[in-house]
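These protein sequence lines map, in sequence, to chains A and B.
Quick note on UniProt numbering: the first sequence kicks off at 1 and runs consecutively.
Quick note on UniProt numbering: the second sequence kicks off at 1 and runs consecutively.
I should point out that these hints are in silico values taken from the structure, not numbers from a laboratory.
Check the hints yourself; a few may be wrong.
[As the list claims (entries may be wrong)] Over the 12 Å line for every Cβ pair with chain B, so calculated as not near, a few chain A residues:
(1) Arg6
(2) Ile23
(3) Pro50
(4) Phe210
[Said to hold, decoys possible] Restraint ranges, calculated between C-beta atoms of paired labels, are given here:
(5) B:Leu279 with A:Leu165: 25 to 35 Å
(6) A:Gln267 with B:Ser183: 36 to 46 Å
(7) A:Val69 with B:Leu279: 55 to 65 Å
(8) A:Gln267 with B:Phe285: 22 to 32 Å
(9) B:Leu279 with A:Leu21: 56 to 66 Å
C-beta atoms are modelled at their ideal positions from N, C-alpha and C, and glycine is treated no differently.
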Amino acid sequence: MVENARSINIVASILLAIGILYIVGPLYLTLSTASQSYEYILTNGLAWVPGTELFTNMAKVIHDTRIPVQMLNSMIVAFSNALATCALSFLSAYAIVYFRIRWAGVVFALILATIMLPLDIRVITTYQVASNIFSPLNAVLDVTGLNALTANMFGAPVHLELSVLNTHFGLVAPLVAHGTGTFLFRQFFLTLPKDLFKAARMDGAGPIRFLIDILLPLARPSVASLFVLTFLSGWTQYLWPLVGASTPDMQTAVVGLARLVPDSDGQVPDFPMIMAGAVLVSLVPLTMIALLQRFLVQGLVLSEK
Amino acid sequence: MSSESSLFGHCWLPLLLVAPLMLLIVLFFYVPVFQAFYWSFFLEQPFGGGSEFVGLQNFARVLSDPEFWMAGWRTIVFMLTASTLAVAVPLMLAIAADRKIGLSYAARNILVWPKGIAGAAIGVVFAFIFNPFVGLMAPLNALFPGLWNPGMDGTDAFVTLVAAHVWSGIPFNFVILLAGLRSIPPTMYQAAAMDGASPWRRIADVQLPLIMPQLFLTFVLEFTESITSVFALIDTMTGGGPGGSTTLLVYKIYIDGFRGFDLSGASTQTAILMVFVLLLAACQFVFLGRRINYER
Chain A
1 MVENARSINI
11 VASILLAIGI
21 LYIVGPLYLT
31 LSTASQSYEY
41 ILTNGLAWVP
51 GTELFTNMAK
61 VIHDTRIPVQ
71 MLNSMIVAFS
81 NALATCALSF
91 LSAYAIVYFR
101 IRWAGVVFAL
111 ILATIMLPLD
121 IRVITTYQVA
131 SNIFSPLNAV
141 LDVTGLNALT
151 ANMFGAPVHL
161 ELSVLNTHFG
171 LVAPLVAHGT
181 GTFLFRQFFL
191 TLPKDLFKAA
201 RMDGAGPIRF
211 LIDILLPLAR
221 PSVASLFVLT
231 FLSGWTQYLW
241 PLVGASTPDM
251 QTAVVGLARL
261 VPDSDGQVPD
271 FPMIMAGAVL
281 VSLVPLTMIA
291 LLQRFLVQGL
301 VLSEK
Chain B
1 MSSESSLFGH
11 CWLPLLLVAP
21 LMLLIVLFFY
31 VPVFQAFYWS
41 FFLEQPFGGG
51 SEFVGLQNFA
61 RVLSDPEFWM
71 AGWRTIVFML
81 TASTLAVAVP
91 LMLAIAADRK
101 IGLSYAARNI
111 LVWPKGIAGA
121 AIGVVFAFIF
131 NPFVGLMAPL
141 NALFPGLWNP
151 GMDGTDAFVT
161 LVAAHVWSGI
171 PFNFVILLAG
181 LRSIPPTMYQ
191 AAAMDGASPW
201 RRIADVQLPL
211 IMPQLFLTFV
221 LEFTESITSV
231 FALIDTMTGG
241 GPGGSTTLLV
251 YKIYIDGFRG
261 FDLSGASTQT
271 AILMVFVLLL
281 AACQFVFLGR
291 RINYER
């Protein structure tokens, strides 16, 4: 199709240039500031040109703060979040799509409803549950009168207590309790031809064999997409790790980074060091995006179809 | 949806497959949601100090608190401005990147980067860039003292919040909208061009109507997103200040619950916010969803 589209192409190019500048600008300023000394920032303000202090500032972050151990926490949280979400939602989507069960619709609706109310909204009571994950069980025993019964028979009611606060499990579990993965895999299973299933049955494949030998290899790209997506979301979480872990050695890197900024308004904070921290904390997810961008984009599109 | 023979007939295996995820969802989603509503009718003492049924007193207390209404109002203002911008900016970029021009390949790559940067991290960075003494506006501030100070002026602080929110919202909305644009069949453009529609005209008459489902979707998700994910930005950029001018509801709930140990008040506000979010989504589906034609 040949036509004169010069005016629109010029406008589009300008828009894209502004958009790229908007995204890259703050990232560039972070990097250039991280490579300057504190004194330079005090006299010159924002660093427009990169300096030579990047590794000095990074070394300061690594030696003087808990960021390294916190990055290890972030790694554990993000990785287990991705792994658990992929595995558990794959299994539940499999059960919902490939089994003749009457409650499939109800279970899927219950899982999908989690998308409506994000963790950040229900953080107060999620914290209470995490501080004793048996509290719902205790409440059920109390309400049903079973506890009054045991109190009569054995002299004391059942009261179990187990806090998952300040543990990696506690940081990860509420993130996994989310429906996006199940939704994504269900959509994927529904696009597969029915004959695939019939052929596998005819060859004598049982549920487990069908899952491992046929569905899993086919779903590899979807698994990869969901993995990248949930890894990034686990790494970038803020509010839940902030309340779920109270000691610096259990906090995640993003929370640790936010804690680098001093609360007092007195003097100008050591911005080069903080920016070096921001660079360090963002290094892992950005590398991941650079390497696995195809899966990230696919994941974003798939999760909303 | 499928014939009987195309499904497995096990009875206990599917239960076993669903159980792990369901257990987590019940424990960390349904119990907390239920508990927020339950606690809003009780006066809860912190540190497990017992509870007392108070009926609607918590709601009466929260609803008569001007701070709550202020935070609610700011939440709505933020939701409308930030989510409109967070959809409109990626929309323009997506329409531009959909054209075959030199920059579009680079843009498709670069515009997803923010997905890897935590809200709190970009909050720390934006707080520095917009710092009135050493940041971007410092030279202007030297010329016109008091022109820009997010630490003193509530509007300035609000603007920096919106700018940071739009920044981190670009990847998702851009990718979704671009995917929508790219799924428009080329024959549509050709037909429109044959009828004499210029490239500009085709934006309004072909592209926008055909990506309505994606546009609707980004709006629905962005409304909830702007209400909740703003916490990381507030906590790192403004701390709710100056003078409470950036204390949105999600931040106020955190402060009341974790700093003030007012569990009942925080739960009541959580319950109100949940109902608001659910109503909002329902309204959007009823009023907007119906008008959108999903047929291609």
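We went through each hint and held it up to the structure:
Distance check for Arg6 of chain A against chain B: the nearest CB is about 10 Å away, which does not clear 12 Å, and the non-interface claim fails. Interface exclusion of Ile23 of chain A from chain B breaks down, the closest Cβ pair being 6 Å apart, not more than 12 Å. Residue placement check: Pro50 of chain A keeps its beta carbon more than 12 Å from all beta carbons of chain B (closest about 16 Å). Remark: the non-interface label on Phe210 of chain A conflicts with the geometry, its nearest Cβ contact in chain B lying 8 Å away (cut-off 12 Å).
In this structure the hint that Leu279 of chain B and Leu165 of chain A lie 25 to 35 Å apart at CB holds, the actual value being about 32 Å. The hinted range of 36 to 46 Å is not satisfied by Gln267 of chain A and Ser183 of chain B, whose Cβ atoms lie roughly 54 Å apart. Our hint of 55 to 65 Å for Val69 of chain A and Leu279 of chain B is violated, since their Cβ atoms are close to 43 Å apart. About 52 Å separates the C-beta atoms of Gln267 of chain A and Phe285 of chain B, a value inconsistent with the hinted range of 22 to 32 Å.
Our hint of 56 to 66 Å for Leu279 of chain B and Leu21 of chain A is violated, since their Cβ atoms are close to 39 Å apart.
The structure is inconsistent with the numbered hints 1, 2, 4, 6, 7, 8 and 9, although it conforms to all the rest.
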